[in-house]
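**Student:** Chain by chain, the residues run as shown.
There are 2 protein chains.
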Amino acid sequence: MKSKNLQISPAMEDYLETIYLLVGERKVARVKDIAAARGVKPGSVSPAMKKLAAMGLIRYEQREFIDLTPEGEEVARRTLARHELLRRFFHDVLNVSQKNARSDACAMEHYLSDEGVDRLTKFFEFIQRCPRGSKTEFLDRLHHCPLVNPGQPDCDHDCPEVAAMSRTPAVRRSLSDLQPGESGTVAQVDAAGQVRRRLIDRGLIPQTTVEVVRNLPRGSVRILVNGQETSLTTQEATHVVLAP
Amino acid sequence: MKSKNLQISPAMEDYLETIYLLVGERKVARVKDIAAARGVKPGSVSPAMKKLAAMGLIRYEQREFIDLTPEGEEVARRTLARHELLRRFFHDVLNVSQKNARSDACAMEHYLSDEGVDRLTKFFEFIQRCPRGSKTEFLDRLHHCPLVNPGQPDCDHDCPEVAAMSRTPAVRRSLSDLQPGESGTVAQVDAAGQVRRRLIDRGLIPQTTVEVVRNLPRGSVRILVNGQETSLTTQEATHVVLAP
DNA sequence: ATAATCTATTAAGCTCATCTAACAACGTTA
DNA sequence: TAACGTTGTTAGATGAGCTTAATAGATTAT
Numbered sequence: 062m063k064s065k066n067l068q069i070s071p072a073m074e075d076y077l078e079t080i081y082l083l084v085g086e087r088k089v090a091r092v093k094d095i096a097a098a099r100g101v102k103p104g105s106v107s108p109a110m111k112k113l114a115a116m117g118l119i120r121y122e123q124r125e126f127i128d129l130t131p132e133g134e135e136v137a138r139r140t141l142a143r144h145e146l147l148r149r150f151f152h153d154v155l156n157v158s159q160k161n162a163r164s165d166a167c168a169m170e171h172y173l174s175d176e177g178v179d180r181l182t183k184f185f186e187f188i189q190r191c192p193r194g195s196k197t198e199f200l201d202r203l204h205h206c207p208l209v210n211p212g213q214p215d216c217d218h219d220c221p222e223v224a225a226m227s228r229t230p231a232v233r234r235s236l237s238d239l240q241p242g243e244s245g246t247v248a249q250v251d252a253a254g255q256v257r258r259r260l261i262d263r264g265l266i267p268q269t270t271v272e273v274v275r276n277l278p279r280g281s282v283r284i285l286v287n288g289q290e291t292s293l294t295t296q297e298a299t300h301v302v303l304a305p
Numbered sequence: 062m063k064s065k066n067l068q069i070s071p072a073m074e075d076y077l078e079t080i081y082l083l084v085g086e087r088k089v090a091r092v093k094d095i096a097a098a099r100g101v102k103p104g105s106v107s108p109a110m111k112k113l114a115a116m117g118l119i120r121y122e123q124r125e126f127i128d129l130t131p132e133g134e135e136v137a138r139r140t141l142a143r144h145e146l147l148r149r150f151f152h153d154v155l156n157v158s159q160k161n162a163r164s165d166a167c168a169m170e171h172y173l174s175d176e177g178v179d180r181l182t183k184f185f186e187f188i189q190r191c192p193r194g195s196k197t198e199f200l201d202r203l204h205h206c207p208l209v210n211p212g213q214p215d216c217d218h219d220c221p222e223v224a225a226m227s228r229t230p231a232v233r234r235s236l237s238d239l240q241p242g243e244s245g246t247v248a249q250v251d252a253a254g255q256v257r258r259r260l261i262d263r264g265l266i267p268q269t270t271v272e273v274v275r276n277l278p279r280g281s282v283r284i285l286v287n288g289q290e291t292s293l294t295t296q297e298a299t300h301v302v303l304a305p
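Quick mapping for you: the protein sequence lines, in order, are chains A and B. Adding 61 to a residue's 1-based position in the first sequence gives its number in our numbering. Adding 61 to a residue's 1-based position in the second sequence gives its number in our numbering.
Heads up, a few of these hints could be off.
Unchecked claim - Computed far set for chain A versus chain B, every beta-carbon distance over 12 Å: (1) Ser105; (2) Arg124; (3) Phe126; (4) Ala162; (5) Arg190; (6) Ser237; (7) Gly242; (8) Leu277; (9) Ser281; (10) Arg283.
To be verified - Some, not all, of what chain A presents toward chain B, calculated at C-beta under 7 Å: (11) Asn156; (12) Val157; (13) Tyr172; (14) Lys183; (15) Glu186; (16) Cys206; (17) Val209; (18) Gly212; (19) Arg259; (20) Ile261; (21) Ile266.
Unchecked claim - Output of the computed footprint for chain A on chain B, the stretches with three or more beta carbons under 8 Å from beta carbons of chain A: (22) 182-189; (23) 272-279.
Worth flagging that the hints you see were computed from the coordinates, not collected in a lab. For glycine and all other residues, C-beta sits at the position ideal for the given N, C-alpha and C.
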């Protein structure tokens, strides 16, 4: 009696999820289909099925159709629920492309804690029910806010921030305005493409505190982010908008 | 010249991140410290350091202090930025406990796509800059909304939803009100603890369409969620609030 | 019924990340 | 300088998950 039942691994969860979906759409799951769906070879699937059968998660007789036990179905559904939750968050809330939303969700579904599931669900409940958080009131603003998405039409014709921006576009404090020793809080990374990525990758994300350590020759600054020093060109620093 | 430089693995990213943090707080990273920080044995660290050195990501002479190369530092910082982004989202936005926010972020940081990073950053920029999305206007409401967090004081004394709720608490349509053949959209899972988890795990998350297939004896219903059939007790079904 | 074809299983071997346990280098103290 | 304790390295083993290639069972066509 060897109890190998420590924890179910991401790969095994994926197998269960795949079987669940296959049974749902084609009534039966065969080794070949599972292999194709997961992008692995059939030779990998057989031993995995044995294992799942030994764990009591699938019903599996050699060379027969594969089906989930109630326990396996529970795991599959739970995994799929996490997947859907994450996929929707990335796609519907953050506007990430379907493809990336799906693949991000696919990898992260195995790691999201129960508490995370619960709170993410609450988030959707709020979006759905609070009039101030509802689709038009929050998601549309998020997706169309000209402060964050340059070129978008004004989300709200009485938004003071947007008005301030269009009247005096220069009224903003950026990282390049700080003197050595001064610090501020990042409000926005006002750049796109490579520059944006580079700045974000250095930890310059909103609500982070950043301090200018000293100015370097050749138009660079030495900064302190998350307790670590890095250098930035002054050019790059102008794209880091600070909170007032 | 064997090019083993396919992709950097999660474990290697973790090593780089750990070294980065150690160098930041103690100036030096030693094998022992890295092992302790990652919760592995020193015997696992040495070969990993060899590998990272071969990839040009760390500077490493046997038995000497370990340091990141500029390339390694870039990877470490990028990983850490993802970590912070996710951690903050879970903790600050979703109110997940520090502990879970950290561990969720720690596992997911390796899988979040560039697009996900970008959009999550945009989300924070919006929260920070849009007056309607700002801390008081959005996060506080999210965290204190009595619609979603029972027992919280009213977030806003003229919220029509909350008013409706307190005047006529029975005015709501739940899954148990549907007849076989009818369907609806989940707005909220109005339950806590085990019941909530069970319902969420079955895919009953907000914005999901659910159809009642038929009533079963013994007070159960057969439902269709995400193209799959499941059963629920009528008791459980009453906790699934549907959108009007 | 038999051959051809498809599908599933098995065995051997690979990579990754880890462990344990023996061993080597170094620094400190006696 | 000799001995000891700390730290780092190495070798060998493990386990998960995968591949490939050979083999075995089923199904279909002739």
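**Student:** For which of the previously enumerated hints does the structure constitute a violation, in increasing order of number?
**Tutor:** When the structure is compared with the hints, numbers 4, 5, 18, 19 and 23 turn out to be violated.
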